[in-house]
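J.: The residues making up each chain are set out below.
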Amino acid sequence: MENFIVSHSPFVHSGNDINKMFLYISIALTIPAIYGVMFFGLQAFFIILLSVASCAVFELVYNLITKKKFVIEDFSFFVTGMILALTMPYKAPLWIVVLSAFFAIIVVKIAFGGLGRNKFNPAGTARCFAGVVASGFAGEFYTIIHSGEQLSSIALGGSNEIVNLLIGQSIGGIGTTCIIIILLCYVFLVYTGVIDFKIPIIAVLSYLITSLIFTDIDHTLINVCSGSFLFVSVFMLTDPNTSPDSVFGKFIYSIMFGVLSALVWNLGVLGENTSFAVLLFVNLFVPMMDTYLVWKPVSLGGLRNAHKN
Amino acid sequence: MKLVSFRGIYPKKKKDTAGIELAQMRPIEFYNVSLKLPTVPESEPCVKVGDEVKQGTLIAKPAGKVGLNLFSPVSGKVLNIFEKMNSTGEQSKHILIMNDNKNEVQDLPDIGSISDVVLIERLKDAGIIDTISGMPSYLKYSYIGARSYKTLLVLLDSTDPNNTVNQTITECKMEEVVNGARYFMNITSATTITFVFTEANYKLATKLKKHIEENKKNYDFRVKFIPNKYPFDNPYILANLVCGKKINEKTSFLDAGITIESAESCYNFCRAVEFNKPLIAKIISVDGNNVSRKGNYIVQNGVSYDNILNFVGIENPNDNSALIDGNELSGIAQFNRDISISLLTDSIVFNKYPAYYDQKEYPCISCGKCAKVCPVFLNPKRIEAAYLDEEFDSVEKLKANSCIECGLCSYVCPAKRFLTQRISAAKEYLKIKKGGK
Chain A
1 MENFIVSHSP
11 FVHSGNDINK
21 MFLYISIALT
31 IPAIYGVMFF
41 GLQAFFIILL
51 SVASCAVFEL
61 VYNLITKKKF
71 VIEDFSFFVT
81 GMILALTMPY
91 KAPLWIVVLS
101 AFFAIIVVKI
111 AFGGLGRNKF
121 NPAGTARCFA
131 GVVASGFAGE
141 FYTIIHSGEQ
151 LSSIALGGSN
161 EIVNLLIGQS
171 IGGIGTTCII
181 IILLCYVFLV
191 YTGVIDFKIP
201 IIAVLSYLIT
211 SLIFTDIDHT
221 LINVCSGSFL
231 FVSVFMLTDP
241 NTSPDSVFGK
251 FIYSIMFGVL
261 SALVWNLGVL
271 GENTSFAVLL
281 FVNLFVPMMD
291 TYLVWKPVSL
301 GGLRNAHKN
Chain P
1 MKLVSFRGIY
11 PKKKKDTAGI
21 ELAQMRPIEF
31 YNVSLKLPTV
41 PESEPCVKVG
51 DEVKQGTLIA
61 KPAGKVGLNL
71 FSPVSGKVLN
81 IFEKMNSTGE
91 QSKHILIMND
101 NKNEVQDLPD
111 IGSISDVVLI
121 ERLKDAGIID
131 TISGMPSYLK
141 YSYIGARSYK
151 TLLVLLDSTD
161 PNNTVNQTIT
171 ECKMEEVVNG
181 ARYFMNITSA
191 TTITFVFTEA
201 NYKLATKLKK
211 HIEENKKNYD
221 FRVKFIPNKY
231 PFDNPYILAN
241 LVCGKKINEK
251 TSFLDAGITI
261 ESAESCYNFC
271 RAVEFNKPLI
281 AKIISVDGNN
291 VSRKGNYIVQ
301 NGVSYDNILN
311 FVGIENPNDN
321 SALIDGNELS
331 GIAQFNRDIS
341 ISLLTDSIVF
351 NKYPAYYDQK
361 EYPCISCGKC
371 AKVCPVFLNP
381 KRIEAAYLDE
391 EFDSVEKLKA
401 NSCIECGLCS
411 YVCPAKRFLT
421 QRISAAKEYL
431 KIKKGGK
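Here the protein sequences come in this chain order: A and P. The numbering used here puts the first residue of the first sequence at 1, with every later residue one more than the last. The numbering used here puts the first residue of the second sequence at 1, with every later residue one more than the last.
In short, the hints are calculated from the structure, not lab data. Some hints here could point you the wrong way.
Here are some, though not all, of the chain A residues that point toward chain P, as calculated from beta-carbon distances under 8 Å [what the hints assert, rightly or not]:
id, residue
1, SER9
2, PHE11
3, SER14
4, ILE209
5, THR210
6, ASN241
7, ASP245
8, ASN266
9, VAL294
10, TRP295
11, PRO297
Given the structure is predicted, the values throughout are model-derived calculations rather than measurements. All residues carry an ideal CB built from backbone N, CA and C; glycine is no exception.
From just these sequences and the hints, can you work out the full model?
T.: Encoded structure:
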């Protein structure tokens, strides 16, 4: 006689798994990380290591205090740590990295209820925090994060700026410099079904159009490719938890991000911090969009189990 | 002319039972006929213990106004009438009949002239059941005026991942299906028959067209295709897709003038009219990765799951398996092999589960995949959250009652949350609350 398994329907699953999703993002994130270490040297490697390790430790400590089981197959701390490190300049002081990791894990993620409950992107908010805190204390950090407008002129060697930006020969965050690698990651993540392909495309297009009001096409392209705008659009803007559900909501959300980024970049003084600050601002509107910009249910009232028994 | 574009999914798996010829299941010794179908009130037995019955003898008739005539699936002796559990888990009356292998057959009386009144009477006498809505067919046409139906849809296909009953009947018994559809048309005021196929079955549709053009005169029909997406064969979605009419709590099928019949109902109706055969068998797709001979079988009423599994063979009897009445996505798991099939069982799935099969839940990451796939445009994640927070007002506001329990939200959820389960629990709660008022 067999052992029957009795459970509620459905009895099959698509095989789409949360752990798989985090694994794919982690794989995608290691590519810019490797490039960053090759380009910026060992210091970048230490920042990445420290960031991931401190994220893990903070989550572990929290789980120990609240006596929760530490879920190691959950890669979310790894993703947060990696994204945080990759947006840091390679000269960032190490204490800032640890402090930001603390902010990301404890304040932004766990204080709101843990994975899936956070209202803001942990890494993006922590990076904003780092920009604000470090601007007063660390001299070097300050100069680099505020030199966004000059980034294109800092592009190293050669006369063709846009090519240098594409292959990553410029100054910026550890993982945000090489545009080609970021585009490759975008293709990989779309192919594996982890991110929505629409969000980065709409964000970039609306950025381009808005930016054309202020400058010509050459400078606009350089603006898009420099700084961390593309990195944020691909890895952070698409975070399923802090982006709207409906297609319409996604449109508005990414257009808001693109337009505001272009405005703040051209008119504001935030420099390299622009994308993270705008991301934080746009995330504010997501719960509202999830409430109002949704499909109307088709009313099939009085219908119970109409689809077979 | 679509009012809304429904979502749903293309089932990843190829239909294993498709293209397999109909086979008759071999006779067994004991038949346990359940007098209660999941959606029909219990019938009253009209035989006594010890009576001799033939195949096709009336053994139960409706207790009240609404009900179904049930017939003996075999010639033999009534051994017992007793309470037993049926496939929905309720206790109901069963009639136990022992096969005497004499194969005596009792048919219905000849029908005489064919008119709509006679045809509706025949639907009632032969105990034909509408396999789509699960109600006795005559109810749909007699009490509320068959003439108000202006559109007749005949579903010759299925989008279920496991169910290939309709397309197999169409393939193997095309003449009967075509004639049965004509009889249904005679009852209603429809002037044409709309045959509905999925896009996966162009070949079958061409074969049907050729068959009708060669053999029939004055046969008005057209063929429509729907996407091969689960659960598009749901009658509510079907009416919307094919006719562009919205069916909801304000507009019923009768108001919209749409009636939907399946290939199996047409086949049964034709046999009842032309050969005077009452309904005593159900055609079932047997599927699943622990089944040796998958296929479509004609199964007599009163046969248990155990008999079917013994007949089709189990590959690895020692593996952990699930016996599912229905399809993999919305069926009911059975814990007892000794339960009789009902006349509404479309498919049986016997799946073995891998050793790592677990139901571990992760937190919802709000990816929105459930809302993206829901065929009735609900937001399962929000309904679930409201249910877990016990905010039943917002559960109602989010239209949890519209859920058709197709199971797709749980199927796609990367966090493996029990969405279907919780939404059906929420619906159950709302039902109790409404009843209490």
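J.: All hints, please: hold or fail.
T.: Going through the hints against the structure:
Hint on SER9/A holds. Least Cβ distance to chain P is approximately 5 Å, under the 8 Å limit. At its closest, the beta carbon of PHE11/A sits 5 Å from a beta carbon of chain P; the interface hint therefore holds under the 8 Å criterion. The interface hint given for SER14/A is met, as the beta carbon of that residue sits about 5 Å from the closest beta carbon of chain P, less than 8 Å. A cut of 8 Å between beta carbons decides the hint on ILE209/A: the least distance to chain P is about 27 Å, and the hint is violated.
Against a cut-off of 8 Å between C-beta atoms, the interface hint on THR210/A is violated, since the closest Cβ of chain P lies about 27 Å away. Checking ASN241/A against chain P: minimum C-beta separation of about 5 Å stays under 8 Å; hint holds. With its C-beta approaching chain P no nearer than about 4 Å, ASP245/A sits inside the 8 Å limit, and its interface hint holds. Evaluation of the ASN266/A hint against chain P yields a violated restraint, the C-beta minimum of about 32 Å exceeding 8 Å.
Given the 8 Å rule on beta carbons, the hint for VAL294/A holds: about 6 Å separates it from the nearest Cβ of chain P. A least Cβ separation of about 4 Å between TRP295/A and chain P falls short of the 8 Å threshold, and the interface hint therefore holds. With a least beta-carbon distance of about 4 Å to chain P, the hint placing PRO297/A at the interface is held under the 8 Å criterion.
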